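Enquirer: Quick note, the sequences are listed as chains A and B, same order. Quick note: the first sequence uses this note's numbering, first residue 1, plus one each step. Quick note: the second sequence uses this note's numbering, first residue 1, plus one each step.
Treat the hints as calculated values from the structure; they're not laboratory data. Just so it is clear, the structure is predicted and the values come from calculations on it, not from any experiment. The C-beta atom is built at its ideal place from N, Cα and C for all residues, glycine as well. Just so you know, not all the hints are guaranteed correct.
Pairs of lysine-lysine residues, derived as DSS-like cross-links and limited to a Cα-Cα distance of at most 27 angstroms, are as follows [claimed, not checked]: (1) 271(A) to 250(A); (2) 29(A) to 15(A); (3) 126(A) to 14(B); (4) 109(A) to 38(B); (5) 58(A) to 297(A); (6) 235(A) to 221(A); (7) 109(A) to 126(A); (8) 15(A) to 214(B); (9) 235(A) to 250(A); (10) 235(A) to 262(A); (11) 216(B) to 58(A); (12) 148(A) to 111(B); (13) 15(A) to 216(B); (14) 16(A) to 29(A); (15) 14(B) to 148(A); (16) 125(A) to 13(B); (17) 193(B) to 109(A); (18) 13(B) to 127(A); (19) 16(A) to 216(B); (20) 13(B) to 126(A); (21) 109(A) to 58(A); (22) 14(B) to 127(A); (23) 29(A) to 221(A); (24) 216(B) to 38(B); (25) 214(B) to 16(A); (26) 271(A) to 297(A); (27) 125(A) to 58(A); (28) 214(B) to 125(A); (29) 214(B) to 58(A).
Here are some chain B residues pointing at chain A (derived, C-beta under 8 angstroms) [to be verified]: (30) 1; (31) 37; (32) 38; (33) 39; (34) 67; (35) 69; (36) 70; (37) 75; (38) 77; (39) 83; (40) 193.
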Amino acid sequence: MADVIAARGLCKSYKKQEVLHDFSLTVEKGHICGLIGPNGAGKTTIMKILAGMMFPTKGGLEFFGSADGLDDSRARMSFMIEQPIIAGSLSARDNLEYVRLLRGYPDEKRVNEVLDIVGLGDTGKKKAGRFSLGMKQRLGIGMALLPKPEIMVLDEPVNGLDPEGIVDVRQLILRLQEEMGVTVLISSHLLSELSELCTDFSIISHGRLIENLGRDELLVKCRGHIALRTDDINKTAAILEDKLSVVDYKVIHGEEIHIFEKLSEVRRISKTLTDSGLIITRLNEEGQDLEDYYLEKVGADHE
Amino acid sequence: MNNIISSQCFICKKRSFIISIILFSALLVMGLGLIMSKTAGMFFSAFGMVAMIFAAAVTAGILTSGYTERIQMYEIMAGFRPSQIILGKTVVCVSLTLIFLAGTAVMCMIKGGGEQMLERLLLYWVIVLRSVLCIVFLSPLLKESTAAAMFDAMLIMACGNDPDALNRSPVSLFGYPQCFMMQYELTEGFAVKVIISAVIACTICYITGYITLKRKFDLEPHSLG
């Protein structure tokens, strides 16, 4: 499928401090891409560059397969960056009405529809400035949602939401993707949320891209396995194949074997190997989630 | 651009009460001038200048609220071009100012002709429109401090009450000092100075605002995370 967002070699410096270095990212149409990174990694800077709120020092952007007319392309996109941008002196309805008029969305009923979607239908004339953080967040999402964009760029959209709100936002994003084919670029500190939501992941640290990977790749990389180290890796591999009929395994850097099958037969594997005269120096049942994988990657980058 | 106009009109509608009060105050000052000022020069220079501050405050207030609440970011994120943003806001703010200018015209008609009344009225309109346009054009640069564009009123104090000193000073190129100088007899040179300085000031301010938006200079009023 075609890439609807493509950032190539983005660099951004503030004075002499480089906050983004040669960052590239592509997001396919209809995908949900999670941008993961620690505070100060450059996630918000990337989103601001996409939103047209700042220029990159170097690098280029393409939306919908074209580098021309980026402003016109932005009219087909919605952004929610940092804390939601809302007029505190206006009600939720008026905030949405403002966006409707600005984006030229013709259907007035859309405001009520969005109020119901984000659960703010009963706020009446209460000023948005008096909303709780969660309500402001919902309103910000509503304002991004209102013009029925083809791409949504959401920076920490579940920040401040209660667990129920987080689930609602997740289901909403999934529904938008499934029913309307909306492409989403999302950042969040709640990695467990992203792991349930995203089809692709971009890990970023210190303004540099660490890894781009799809959900399937992540599942393979994070899937449960038996980590095994012995005094002779080649002989171990031969025994695994011949005596234990293990086919799905991988030798890591020539010193460790990850076995992805027969996870319940650790004792049998151990006994067979020791009976064959091998000395086992490590035998662990392991498995990662996105959080572990991210920490491992970012940790390696720090080192 | 129509969308910018619609959304700005919506914001004005939501602030219609305060806008009405300020515009009414501006016209009230002119009304008082009608009763209290003995000459047309005094009418425009003293009362006209105070009323002009009120009229310009409407524009500054509307624009500043957008920057204070950061909702002007939606204009950029929605992909509007700098010229569309600036001109859209210009249409709305000038329309509101025209209400005030129409009021001044009515009062001049009540006060009657003579004493170069028509010339003074037209020059007054030029000065008021210049003030409003400069505020609109400079707003992308000044943001929450948009009202700072009205501070050239303070420059009058630099030259005191001496018309000759004021006329020779560069201060006479600014709007409020020119309004102040309308209490003296109008000359052709003064009229030309008012018109040309207004055109130049508006051009410089427009280019400044345009470049600020085009180059995205510090669009985000909050510190970058």
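Enquirer: Of the hints given before, which are not true for this structure?
Expert: Those not satisfied are hints 2, 4, 12, 14, 17, 21, 24, 26, 27, 28, 30, 31, 32, 33, 34, 39 and 40.
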